[in-house]
Structure formats: structure tokens, C-alpha cells
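These protein sequence lines map, in sequence, to chains P and G.
Take 0 as the starting number for the first sequence in numbering that gives the first Met the number 0 and just add one per residue.
Take 0 as the starting number for the second sequence in numbering that gives the first Met the number 0 and just add one per residue.
Just so you know, the hints here were simulated from the structure itself, not pulled from any lab data.
Only a predicted model underlies this, so the values are computations on that prediction, with no experimental measurement involved.
Among these hints, one or two may not hold up.
[As the list claims (entries may be wrong)] Quick partial rundown of chain G residues pointing at chain P, CB under 8 Å, derived from the structure:
1) Phe166
2) Ala178
3) Asp201
4) Ile305
5) Gly308
6) Ile313
7) Pro314
8) Gly315
9) Val316
10) Ser450
11) Thr453
12) Tyr474
13) Trp477
14) Ser480
15) Gly488
16) Gly491
[What the hints assert, rightly or not] Computed beta-carbon distance windows for the label pairs:
17) P/Lys230 <-> G/Gly331: 51 to 61 Å
18) P/Ser3 <-> G/Asn325: 24 to 34 Å
19) P/Glu98 <-> G/Lys293: 56 to 66 Å
20) P/Ser310 <-> G/Glu403: 50 to 60 Å
21) P/Asp222 <-> G/Gly315: 53 to 63 Å
22) G/Asn325 <-> P/Ile126: 40 to 50 Å
23) G/Glu418 <-> P/Val142: 46 to 56 Å
24) P/Val142 <-> G/Glu436: 36 to 46 Å
25) G/Lys260 <-> P/Asn129: 52 to 62 Å
Just so you know, even glycine gets a beta-carbon here, dropped at the ideal spot from N, CA and C.
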Amino acid sequence: MYKSLLQNFITTILAVFSVSLVLFILQVSPLEIYNNLFDGSFGNLDKISRTLLIATVMALAGFALIITFSAGLWNIGIEGQMLFGAIGATFIARTILGELFFAPVIIIIFGGIFGSLLGLLSAFLKIRFNVHEIFGGLGINFVASGLIVYLVIGPWKREGIASTGGTDLFPAASWINGFGESNFPVYPIVIAIFIFLLLFTLLSRTSLGLRLIATGANTDAADKFKIDAGKFIIYAFIFAGAIGGIAGSIQASSIHHKLVPGIAGGYGFLGILIALIAGRNLFTVVIISLVFASIMVGGVQLQLRLGLDSSFPYIIESVFVMAWLIIKASKVDAKLLRFIIKKEGNFE
Amino acid sequence: MNKAFVFPYFVCLSIPICYKNVNLNFYFLIKLNNSLFGAIIFIIDKFSIFIEFFEILNFSLFAEKYIGGKMLQDIKFKFILGLLVSSAMILAVACSSDTPEPTPAPAPTAEPTAEPTAEPTAEPKTIEKFGMILVGPRDDKGWSQAHFEGGEAIEKAMGAEMIVADFINPADSPNTTVAQVAADMIDQGAELIFATSDDMKDGILEAAAAHPEIPMIWSSGDSAFADGKGYKPELENLGNIMGQMEFGKYMAGCAAASESKSGNIGFLGPLINDETRRLTNAAYIGARDCWVDKGNSITDLNFEVIWIGFWFHIPGVTLDPTTVVNDFYDSGVDVVISHIDTPEALTVTDQRAADGEDVLVVGYDYENSCDVAPSVCIGVPYFNWGPSYVEAAENVANDTFSAEWTWVAPKLENGVTLEDSMVGFKSGDAMSSETSERVSKFASELDGIASIFTGPINYQDGTVMSEDGSTPSLYDIWYTSQLLEGMTGDSGGN
């Protein structure tokens, strides 16, 4: 634990170095950029709230993917599952249920159910028809985003308007509000912590988790041990889909307060990167999500204050991921760690 | 040490000169507890000193014996070289940028309070900063660029600084809302905010409610239209500005029909709402008038509208305007009128014309958008936001801003729009002199926006918009509920 944390820390520093280098090539001062990113994402309570809210959504997407990664599955359909969660949330918000005082609870639950239905579809395609989950997931993403566009411009459009700009705002009762007067996203954070603990227990403390990982490690071997791989694939997809759906419903009722076509915000695909970076470490998912969220939220400042192009946050993010993966693949960080540990002994 | 310094701190730590002053106490820490934190600082320390890099290098060469593989060694060498270069560069900037203090944040809070007390009478009042929120890119040769240049007019007139945020729409910036951008701009000292799209409605209403002391303009909106459907009397800081583009669209329709040989006119529409319906209708009436004027029968005029679904192309979400325009030409249309924010129609028409087809196009929004395809561009109805935006900024500077809904009429002289007119029509190279005369003839006959919709005019479903010889009210024009009889296309009804 101690060692892996240290190793990740080294990797982070090296990755930040690489980002700085690229920023230099682009002729902007990294220091100024980091200043603005930090100020823009943690400068005041409102910005912290924004950052945490987005980090929560990203972390949920990352959690969802860790389950499927554990079972050896590439759940590309996460984006679609998030979209479906948002559809579920909107569905509830538009009915009489959306006016109730506990509407957000129903919205979250329905978001989860909708997401898991789509996850189930992926699993079904894989098991019944032997469709690889990457292709199934891709197809499902298209279906989900097509469905949203149809709903936004068709049955759920604003009166007299046909625009893909979004549906009407949800009734106020359906909004997931912040803590008290502020925007501090206390409820999404509670949900994320709950799911974090649940996953942590599941994956490292239960036989269910062990079998799930066994399925992922070697399906044939799992079969020999009388572990029904198909069953665990279904479990993994349902669970991942539910978490993705919850993330989507948080997007809908906490950030946008309406359904817009790109409501998943690319966080599903970003979640794949996060899970890739984090390996199977839930804690690292949280850290990386925070970093990414601060780049996203603080990134607006780069445009407003420094007059940089609006694509800059994405450049920083993608260079960070690339650098991280290269560092991990070349094992530079592990070497450095060993070197340092040796040195530390000397120092003492 | 300000709070913004914390994040780059650990970057700085790795640079010998920068951190020389601070690192001593960290050595203390390491001595105190040889813990995780101590180890981290130690790494950073070792990392930074030039000679240590050679040690790392030596180490990796040593490790090479166990791992083998020349390529790995090569990668490692290059990596460390890169590290050296980057840290040297960071050093350069870190140490140079420490003194000039790049963030301009503190300046605006100090100055505006000082200025009026110092010289209360002499200079004309001005604003320091204002925010401009654009839905698309600032150089789109269309809607957003027209607004951007309106902002530049304020910069020129008052010396104020414009803070720009472009691409603010749910597809390009899914994690940024208008309310957040507005809050950030106000943080930075913006004294006036422009939200320049109909799509920003929810966001700017939220922002105006959250910052009642900051004047805002929601262009093309109706929140300050006292008789309007969306009137928000409680938002006393939110005004609306829109130009009577109906004139421009009328002239565009007239020019298109006048140039069209087949009478098949394609109208590339964005999304469907009150604004786009009334402007499309104005274009149709213009086309009808000029088509008949050429001696043709009204029944031979085919005016087809296709909506793409948003103000501009969003892949996977809207229809692709390039495809739509191509489809128009494939189906026998010879003139396309563009109504979307971006100039795809001009590009496509240019390509088709280069292939020998006899096709022409009318642009939209931006004065110089004909430059995209000069040889096929009949003309462009455009917005000139500058004068109105400068006026709004002056009102803010003089404390005379009020939440008004302004629907500015164009300045026409002999059927030609003047340079300082809010709505203009600029002819392109492809416009014949005959068309030019016809457009100005019809435009000079107009007397106010209502006259464009002089009856008899029926809606698509046969209900009457205006009786024979009468004109509809401003309210009925602003909230046009359907396309007109004779047009082909979706009215967006429920």
C-alpha cells in the first residue's frame, strides 16, 4: 500500500513534468496554467463544489468500470449506461413523481435501474450471442445517444420549440441541491462514498468478489472451479450499469437540471481512462477523478484569464494520460522507487 | 505566499534555485520522522540536483544488466534527457514569472473604486471589463463572430477589456454552464455580461437572479419584453437586444428568388422556435414577392425548409448541414438560403459550382461571410451588434442601465441598409444588377417590420395570420407559431 502510493506519486510528478514540457512547446507558461487551474477549481466554495460534483460523476464512472475490468470485461457501453440513467431521471422528473419532496431519491434509483438494464443488454449479447462487449457496447452507445436526441427533439421537446438544446428544466423538487444554501454536492458525495465502500468490501472481502476476479483472470480456469462465468459477467454488467446510470442521473438532476443530448459529457469514456490509470485501485480512481475534474472546471479560467483556446484543458488531460501510461509501461517509476528506497536507507 | 502558489509548489520544489530558501525546514521534517512524507521530499530533493540525474542514469544502466534490452535503455535515456530539459525550462519560467506576478486579478478591484473619486467630472465614465459568452467559436464567420466583433466595438469605443468564453453549449462544453461562466467573469471584474444565444436562456436567467447587481444582456431573448410570454419582471438587471432581421431575411428571400431559375429554393434552418419561424417566414415572403415580380406564377415557387436541429452542426446530434445542402441541390434546388450560425452552405455551394453546377447561395449573420465563397454568394443579411452593445455599455457606465427589451429596426435608405444599421444586407459578387435593383425596390417599399407581414397571409394549417391589407401586432410577429401557407417544412408544433 505504502509503496504503491509512493509509486503513483512519483508517476504523477513525472506526468506533470511531461505536461509542463508540452505546454512549453505550445509556448505557454506551465506555472501560470497550474495557478489558474488551481484557482479556478479550488478558489472558493462555489468552485470547490463544482469540482467535487464533477469528480463524483467521474469517480462513479471509474468505479463502474473497475467492476467490469475485474471481471475481465471492457465495458465500452458505460457512456450509454450513463445516458440511459439520465433518461430514467428525466422520465421520473417529468411525471407526477418529480414533484414529490423525495423525488431525487426516486430519480437516483430509476437512473440506476435504467443503467443496469442497458448493462444487462450488453451481458445478454455477450453470453447469448457471443457478441464481444466492445462491439455490443459501441452499438448500445449509439442507440442510447440516438434515443436521447429523439426524445429531446420529439416527445420531450419544449412547447413550440424543436431544438436539440435540451428539454424543459426539471421541476425544482427534482433537483439534487447542495448542502444548505451552498452548492456543495453533499448527496452525490455520500452516494459515491457508499458505492466506494460497497465495492471495496465486495472486491476484497467477499467470495463473490473473489469469484468475479477469478472470472476475469481466466474464464476457463474459473469454469474448472465450478464458477459460472456467465453468471458473474451478468452480475458485473448489471452492477456497473447501475453505477453508470446513477452517475448519469446525477448529471441530469444535479448539474444540468434538464436532459441534453451530450449529458454523459464524455465522462464514460474518461472513466475508461481513469480506470486504466488506476489499475484496480479504487482510491486512485478518486484521486485521478479529482485531478481531472479540477482540470475540467479550472480549465474555463485558461480561456477567461489567459485567453487560451478552449481546447487547452483537453490537451492537458490527454497529455497527462499519455504520459502516465508511458511511464507505467516503461516502468521508470518502479525503478525510481527502488532507487529511492535504497537511498533512503543510506540516508538514515 | 498566496493560495494559488500551493499547486505549483511541488513543481517548484524540484528546482534547486527556487526552493533553496524553503527546503531547509523540509530537511528538518525528514530528520524528524523518516516517514512517507519525508521520503517524498527526499525524492524531490534528489530529483532536483543535477548530479543526481547521473546517478539515476547510472542506476538504470546498472539495472540494464539484469533486464537486458537495448531499446529499454534507450527509452530511459531519452526520458531522463527530456526530464532534464523540462526541468530546466520550468526553472526558467518559475524564476522569471515569480517577480512580475502574472495574474491580473487584483487590479480591477482596486482601480474602479479609485477612479471616480479622483476625477469625478472630467472624463466620460467607462467600464473596465465586460464578459462575452459565445455559443460557438469566435471566428465562425457567422453568428458568434458577429457578436465577438460587437464586443470589439465596445473595446474600441470605451477601452474596456472583453473577457471571452466561446463554445459555451452543452455539446462542446458539457461541464460548463452559462451561470458558471458568468460567475467566473464577475469574479474577474466584469461589469456587464452578454449571453449571446437563445440556447443560454436557463443559464442567464439563473445568473441574473444570482447576481442582481451586475447588468446583463441576453441577446435575442424575451425576458424583458413586458407583454411577452417569457417576461421576468423580477430580473431588473437582464435586458434583451435583437435586431429586426426580418428585413434582412426578406431581402435575402427576394434576392434568392430573383436569382433562382427553377423556383426551387432550399432553406437551411437551425432549430425550430419563434425566432427561426418568423425569420423563415420573412424570407419566404421576400421570395414570393420577387418571384412574382419576375413574371412567374406563385405556384411555381417551391420553398422548402429543412431544420438541422441546432444553431450549428453537432456531430451525432444534429443533421449535417453539408449533407442537407447537398441533398437540396440533388433534388433540383438551385438557390439555398442559409440560416444557421456557420457557413457550411457557402462551402458546399462553392464546391458544387466548381463542378459546373449552376447553384447560388445566400449567407447569414456575419457581414463578411461571403468571403467564404465569393463567386457563388448572392449576398448576406447580417447583424451589426456594435452600436447597440456600445450603447448598453455606456448605459452601464453612466448608471442608466435598465432591463429593456429592444428590437432594433434597421436603417434603410432607398432600399439599402446603412453602415451603422443594426441589421444589414450586403450584396455578394454573384448578385446581378437586376436582382440588386429588385431587392432595393422592394426593400424601399417596406414601412416598419409589420409591413413585411401585410395580409393576406395564412399559416400552414390554413388559419389566418393577417387579414387582407392588415398587419399583425409585434407580439404576433415575435411569437410566430407556424410557417406560412405555401412553404414546405416542419412548423415544430406539438
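Here's how the hints hold up against the structure:
1. Proximity of G/Phe166 to chain P holds as hinted, the smallest CB-CB distance being about 5 Å (cut-off 8 Å).
2. Interface restraint check: G/Ala178 against chain P, minimum CB-CB distance 10 Å, threshold 8 Å, status violated.
3. Of the supplied interface hints, the one on G/Asp201 holds, with its beta-carbon coming within about 6 Å of a beta-carbon of chain P, less than 8 Å.
4. A least Cβ separation of about 12 Å between G/Ile305 and chain P goes past the 8 Å threshold, and the interface hint is therefore violated.
5. Among the interface hints, the one on G/Gly308 holds; its C-beta lies about 4 Å from the nearest C-beta in chain P, closer than the 8 Å criterion.
6. Look at G/Ile313: its Cβ gets to within about 7 Å of chain P, closer than 8 Å, so that hint holds up.
7. A least Cβ separation of about 10 Å between G/Pro314 and chain P goes past the 8 Å threshold, and the interface hint is therefore violated.
8. A distance limit of 8 Å between C-beta atoms decides the matter here; for G/Gly315 the minimum to chain P is near 6 Å, and the interface restraint holds.
9. Using the Cβ-Cβ criterion of 8 Å, the hint placing G/Val316 at the interface with chain P is satisfied: the shortest such distance is roughly 5 Å.
10. The beta carbon of G/Ser450 is not positioned within 8 Å of any beta carbon in chain P (closest approach about 25 Å), and the interface hint is therefore violated.
11. The closest approach between the C-beta of G/Thr453 and any C-beta of chain P is roughly 24 Å, which is over the 8 Å cut-off, so the hint fails.
12. Nearest Cβ of chain P to the Cβ of G/Tyr474: about 14 Å, over the 8 Å cut. The hint is violated.
13. Taken as an interface hint, G/Trp477 does not check out: its beta carbon lies about 12 Å from the nearest beta carbon of chain P, beyond 8 Å.
14. Because the closest C-beta pair between G/Ser480 and chain P is about 7 Å apart, less than 8 Å, the hint holds.
15. At a threshold of 8 Å, the smallest CB-CB gap from G/Gly488 to chain P is about 11 Å, leaving the interface hint violated.
16. Contact between G/Gly491 and chain P, as hinted, is supported at the beta carbon level, the nearest pair being about 4 Å apart and thus within 8 Å.
17. Look at P/Lys230 against G/Gly331: about 59 Å separates their beta carbons, and that is inside 51 to 61 Å.
18. Hint check: P/Ser3 to G/Asn325, Cβ distance near 55 Å, so the stated range 24 to 34 Å is violated.
19. Separation of P/Glu98 from G/Lys293 is about 58 Å and conforms to the stated range, judged on CB atoms against 56 to 66 Å.
20. P/Ser310 and G/Glu403 have their C-beta atoms about 37 Å apart, which leaves the hinted 50 to 60 Å range violated.
21. Take P/Asp222 and G/Gly315: their Cβ atoms lie about 40 Å apart, and the range 53 to 63 Å is violated.
22. About 43 Å separates the C-beta atoms of G/Asn325 and P/Ile126, a value consistent with the hinted range of 40 to 50 Å.
23. About 52 Å separates the C-beta atoms of G/Glu418 and P/Val142, a value consistent with the hinted range of 46 to 56 Å.
24. Taking 36 to 46 Å as the suggested C-beta distance range, the pair P/Val142 and G/Glu436 does not conform, at roughly 54 Å.
25. For the pair G/Lys260 and P/Asn129, the supplied restraint of 52 to 62 Å holds, since their beta-carbon distance comes to about 58 Å.
In this structure, the hints that do not hold are numbers 2, 4, 7, 10, 11, 12, 13, 15, 18, 20, 21, 24, in rising order.
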